Amino acid sequence: MEKSKIKAFTPFIVFALLVVFLVIGLHHSKPQVPKFAQHIGDTAPVTDLPILNGNGARFTTASWHGRPYMINFFASWCGDCKAEHEELMTLAASHLPMIGITFKDKADNVTSYLGRVGDPFIAVAQDDNGRAGIDWGLTGVPETFVVDAQGIIRWHHIGALTDDIARDELMPLWESLTQQ
Amino acid sequence: MIITLGHFAVSLALLLSLAQSIIPLFGASQNNIKKIQIGRGLALANFVLVATGFFALMYAHVTDDFSVVNVAMNSHSTKPLLYKITGTWASHEGSMMLWVLILTLFGALIALVPRDMPLVLRARALAVQGMTGVGFLAFILFTSDPFIRIFPAPTDGQDLNPLLQDPGLAFHPPGLYMGYVGFSSVFSLAAALLMTRDIDAKWAKYLRVWVLLSWGFLTFGITMGSWWAYYELGWGGWWFWDPVENAALMPWLSGTALLHSVIASARRGALLRWTLLLSVITFSLSLLGTFLVRSGILTSVHTFAVDPERGVFVLALLGIATGGALILYAARAHQLPEGTLFAPISREGGLLINNLFICTACATLVTGTLYPLLLDALGGGTVSVGAPYFNATMVPLLLPVLFIMGFAPFLKWNKGDVRNALANMKLAALLMLTAIAAGLYAYGNHHIIGFIALGAGGWVVGASITDAWRNRDALFANAPRLLGHLGIGIAVIGMAGSVYNQENAFTMQVGDARDVSGYHITFDALADVQGENYLAQRGTFTVIRGDDNVTLYPEWRFYPVQAMPLSHVALRPDAMRDLYLALGEEQEDGKKKTHAVRFQIHPLAPWIWIGGVITALGGFAGVAQSFKKKWI
Numbered sequence: 261m262e263k264s265k266i267k268a269f270t271p272f273i274v275f276a277l278l279v280v281f282l283v284i285g286l287h288h289s290k291p292q293v294p295k296f297a298q299h300i301g302d303t304a305p306v307t308d309l310p311i312l313n314g315n316g317a318r319f320t321t322a323s324w325h326g327r328p329y330m331i332n333f334f335a336s337w338c339g340d341c342k343a344e345h346e347e348l349m350t351l352a353a354s355h356l357p358m359i360g361i362t363f364k365d366k367a368d369n370v371t372s373y374l375g376r377v378g379d380p381f382i383a384v385a386q387d388d389n390g391r392a393g394i395d396w397g398l399t400g401v402p403e404t405f406v407v408d409a410q411g412i413i414r415w416h417h418i419g420a421l422t423d424d425i426a427r428d429e430l431m432p433l434w435e436s437l438t439q440q
Numbered sequence: 012m013i014i015t016l017g018h019f020a021v022s023l024a025l026l027l028s029l030a031q032s033i034i035p036l037f038g039a040s041q042n043n044i045k046k047i048q049i050g051r052g053l054a055l056a057n058f059v060l061v062a063t064g065f066f067a068l069m070y071a072h073v074t075d076d077f078s079v080v081n082v083a084m085n086s087h088s089t090k091p092l093l094y095k096i097t098g099t100w101a102s103h104e105g106s107m108m109l110w111v112l113i114l115t116l117f118g119a120l121i122a123l124v125p126r127d128m129p130l131v132l133r134a135r136a137l138a139v140q141g142m143t144g145v146g147f148l149a150f151i152l153f154t155s156d157p158f159i160r161i162f163p164a165p166t167d168g169q170d171l172n173p174l175l176q177d178p179g180l181a182f183h184p185p186g187l188y189m190g191y192v193g194f195s196s197v198f199s200l201a202a203a204l205l206m207t208r209d210i211d212a213k214w215a216k217y218l219r220v221w222v223l224l225s226w227g228f229l230t231f232g233i234t235m236g237s238w239w240a241y242y243e244l245g246w247g248g249w250w251f252w253d254p255v256e257n258a259a260l261m262p263w264l265s266g267t268a269l270l271h272s273v274i275a276s277a278r279r280g281a282l283l284r285w286t287l288l289l290s291v292i293t294f295s296l297s298l299l300g301t302f303l304v305r306s307g308i309l310t311s312v313h314t315f316a317v318d319p320e321r322g323v324f325v326l327a328l329l330g331i332a333t334g335g336a337l338i339l340y341a342a343r344a345h346q347l348p349e350g351t352l353f354a355p356i357s358r359e360g361g362l363l364i365n366n367l368f369i370c371t372a373c374a375t376l377v378t379g380t381l382y383p384l385l386l387d388a389l390g391g392g393t394v395s396v397g398a399p400y401f402n403a404t405m406v407p408l409l410l411p412v413l414f415i416m417g418f419a420p421f422l423k424w425n426k427g428d429v430r431n432a433l434a435n436m437k438l439a440a441l442l443m444l445t446a447i448a449a450g451l452y453a454y455g456n457h458h459i460i461g462f463i464a465l466g467a468g469g470w471v472v473g474a475s476i477t478d479a480w481r482n483r484d485a486l487f488a489n490a491p492r493l494l495g496h497l498g499i500g501i502a503v504i505g506m507a508g509s510v511y512n513q514e515n516a517f518t519m520q521v522g523d524a525r526d527v528s529g530y531h532i533t534f535d536a537l538a539d540v541q542g543e544n545y546l547a548q549r550g551t552f553t554v555i556r557g558d559d560n561v562t563l564y565p566e567w568r569f570y571p572v573q574a575m576p577l578s579h580v581a582l583r584p585d586a587m588r589d590l591y592l593a594l595g596e597e598q599e600d601g602k603k604k605t606h607a608v609r610f611q612i613h614p615l616a617p618w619i620w621i622g623g624v625i626t627a628l629g630g631f632a633g634v635a636q637s638f639k640k641k642w643i
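Same order as they appear, the protein sequences are chains A and B. If you're matching positions, the first sequence starts at 261 in the numbering used here and goes up one per residue. If you're matching positions, the second sequence starts at 12 in the numbering used here and goes up one per residue.
Same shape as in the complex, but just chain B:
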């Protein structure tokens, strides 16, 4: 009954979205307030309807309604409650429901929140948001319907892939989608600006809060995803340049560029065309990411069951949305107001150079991610572009950004003074040298890239502290920049640490002791334990270095329903390093029963995620500030 209601609600939302994409457009062109208000009502109604569908699906998951195919394929009665809830969006169909839920949420926010935005602009933005909704609701109902029933219902389900049975699933996809899909609001507003004649150059300020909100969530979602891959997937890394990771990084990079250009546009009326183009590109990259993930066109750890019909559908949506917006841009760009000019050495100049590097990095990333596809399409065979390419191209492009981002905040708007700005860089230079010296002292001079990154991180952190000190009377007004830059600096230091990772693999049996990388490891005990829906062997290890004495409990788990084994890593984080211990399957070695053990030391790893979260807070601080400044 509830699932039927959900199905009906989503079907109705498709119809109402169609109305939402038409009525406010007429309202805007006829200056008819009533039609504009209808558009706002429709946006709210669509959110409520999609939420009904989403929670109906969640209800089916929580109550083990195996007559719903989606539940039968992805759940099991013994699955813990948390994973029944998060299992709602673990499958393709469910994750698309989450996608549309967030899309309509942003539609409702555009309808409700802005106070000072011109009505015409809002009406047109709502219509564009409605059009995207039509596309994706049709996608769900026609190719990925999560409400399909089977009769008779199976007695139990097939369970969820154990890799996905992790608290990370609760935060990572919703956070990521809030960012990814949140950029739809920026896209809609940019399209609305392009449709509206005689706009003010500074109207870009209405984009700002939506950029900050989406970007903050995207930063948070990527950070969570990286943390999850690091500790749950048991690979011991935090970034793999996997196509699906790249799919999230692409809109993040162009979103970061947009974040900076929108400030120049909002404050100074500069770079308006560029800001609008970036708005279109950023959401297009979100759509491209959705296409890459959902079509399974690129082999990735993230793709499960795929079906080409879906790929064609998302590609068509991408083509219509981006193609349409770019034609609109082409037709209207020359009529947009010219912004104010600025000197090359100025705050705007700094933003522009930063934009140049970040956009080049983004284009490099897109090229690398799509290259295997392009080559295959041209008949050049199958290749895979991996970490060596991205490390070799992305790092040199992003390092200069770090040096500029430390320096540029000390330049004045319109025309800056280099000497004056340099005078503020004393602490930054000091921290840069300290970080390099500390790296040399702790790890020796093996890795040139490690020092450069450590130095760059120290530079950015030092510059942010100086910046905060100079603005100590106006911390709130400068919070987005201060937090954003500080977080990036901290994360970069953490990333630099990964250059010095120490990885050891060996075999042990219970009672063995071993000295590895300065640590004394003892395999004290092994016990059979039973989890809610898995069986496990749990090892007890003591790891000692000097006074530092820690007990770790890695597990080798077996999930019977999916007949899948999984290594559950034991982690001990502290301020300077993570200790990471993974237990392998039991091996019969003559009469002995041995286990493969992986012991890794990840210097500074926790800084990556702490930095990521601080950066995301910068975005949210900007949202809070926009309310105060009435830039909404």
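Bound conformation, chain A alone:
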């Protein structure tokens, strides 16, 4: 090729490099720090959702009254949910009762997603249209809540769970809730 022809490709090559970085950056990006909408101390909203592959069984917050539990909003299309999944599996091994709520997702996708990465939840409820998400004040997925035996939200985390967060915040709280 002539020199001038090669030169004409320079803008494209620079741009292609930029895109590569953006793709990497997208998979590295940190969850946003919440600026408002904390619901800690509020009563957990009344929620009644069908359970995934549950043949008509339903998840309700009322049926959990008297027991502390954790709710994890997630979706099979969400990258950060995949990132925190290993942490959820670890938590499940320590017998934390976790209810998963799928946010704006399809049952087939969720089933195959959980089949692939493992199912840490004792039940998965489906929030197909995002209505429960509105009630719980979601800003996105993943988000995690801890509800105590009296039905009060005690903890709310926006973004992926990590070892550090589980060790420093979630587990101490959980131990205090179960000792009561």
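Do not take every clue at face value.
Distance condition first, Cα-Cα at most 27 Å in a straight line; then the derived DSS-like pairs of lysine-lysine [stated by the list, open to error]: (1) B:K423 <-> B:K437; (2) B:K213 <-> B:K426; (3) A:K265 <-> B:K213; (4) A:K267 <-> B:K213.
Hints in this document: simulated from the structure, not taken from any laboratory. All of these numbers come straight from a predicted model, not from anything done at the bench.
Position chain B relative to chain A; hints supplied.
Using the frame of chain A, we list chain B on its own:
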């Protein structure tokens, strides 16, 4: 019913956009007038369909239809009507609808407005505009559908973030998007020029009006956004080098460079390749901005709920559009006509040097904005690049531009004469020295950068006045340059003023008086007031200096639906300074109830926005002129 109609209209627009991106291309290559005309009809139809969808969504917002998720998440029955209307584009989904509305509007304008543009060029531009439409309509329908319903509908909504409940939301996003997205028309035409063989070097003139129109709106939108941040966000600043602000500044800088190179191309047939490359880059930077904002990849005050699927989608669109256009450029650049040559000291030379500095500044800005991302991608940890970097790099790059822009209009096309041009700079030099002297007198010699900027602003204003005087018989013909340069000069003087800001924070209770920065402030009264959808404590303050006596009413507001407090600033602008008073939350201090008070003096601040608006008018004057000159 109406919302279903809107959903259907937008879905249909996706299909018709697909047709728009194919049929006119065949029309152009087969020289088939009928197919080209079909392309024009499709562009019009797409605009009407997207507008139907947009206004259906607006209708749902205005009538409190909480069965629409988008309304339930962003509105509330007690929200004032203005914010129900502007709330249409306050959410991600709604703002993408506004994006596509403007995209199809520009498609319709390309189909309707040009009178002298070769049909082949127009057909290809319509096709490219259609392709962008396909991408973004698919983005809306598959990842950001604003028409989703819920059943049963909630009894009320979650309300809009109070920060967004401001008249600024009515002007800033539409103005900004008209510019941002308007550059799609420039992109489409540049791609069409690259696709067409045997083009005339001066055909760049068909780009000019679209560049001016988009650039004028972008200037206006950025000005409005800066004003909004200044008085509503209560931060007391007008520019923060926030990633999202940078996202708007990047296409503005490359658009400014393009604005100048397109003149050289249209008039002299010079710099055609450069003009086409800049056209592609400018809209690419708009897309990059959309990506940065919509993916939430960079932490910013502007990002709310984000979802990575959207980021991947916009990135793919950016990759296809820009990548495609740059490959087209690479394949065709060497076949483009060579422009005329010009002497280094000439009007074209001045435009080129200006381009060089502005593009370097733009690249610096892109680098700084993306640097945290690049470093993180390379495993270098998380950093944030802030104002110190941008101030240290951007200011030295943009100051020379100000000196050149005062001087260059006095150079002749093709070959200029420095001595002759310098003879015209007497008033500019005088105003420069006056501005520096005034700054020294009023504020002392603390800030070297303040004088330089004041001097540069005075220089540009003086040069523009001389330029206008010399061209007093042809003001309209020179209006874009005269207004554009004058506005920039005025805005720079206003920006220079911010170096001398005085900021004071203290606590007061009702009845207190205090002397601050030469002003005597009295906290006269505090009252509880109720707004349409908020409760507030409203303070009454008297601020006195000499004969200047002003009463200010800052508020501490509380929005119950979102349980969010917000400080509503009281501002008193005049020609020389803004007085700025913000009231904090009530504090129990023993038995006393005190309030944090921030009192700031912003010298020359109003000049920033006056200058910005004048600059934008320069762009619009150029649009009016293009019609007269048949450069469309």
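Here is what the structure says about each hint:
1. Our distance criterion of 27 Å between C-alpha atoms is met by K423 of chain B and K437 of chain B, whose separation comes to about 18 Å.
2. Restraint check for K213 of chain B and K426 of chain B: the C-alpha separation of about 19 Å stays at or below 27 Å, so the hint holds.
3. Restraint check: the Cα-Cα separation between K265 of chain A and K213 of chain B comes to about 23 Å, which is no more than 27 Å; the hinted pair holds.
4. Our distance criterion of 27 Å between C-alpha atoms is met by K267 of chain A and K213 of chain B, whose separation comes to about 23 Å.
The structure meets every hint from the earlier list without exception.
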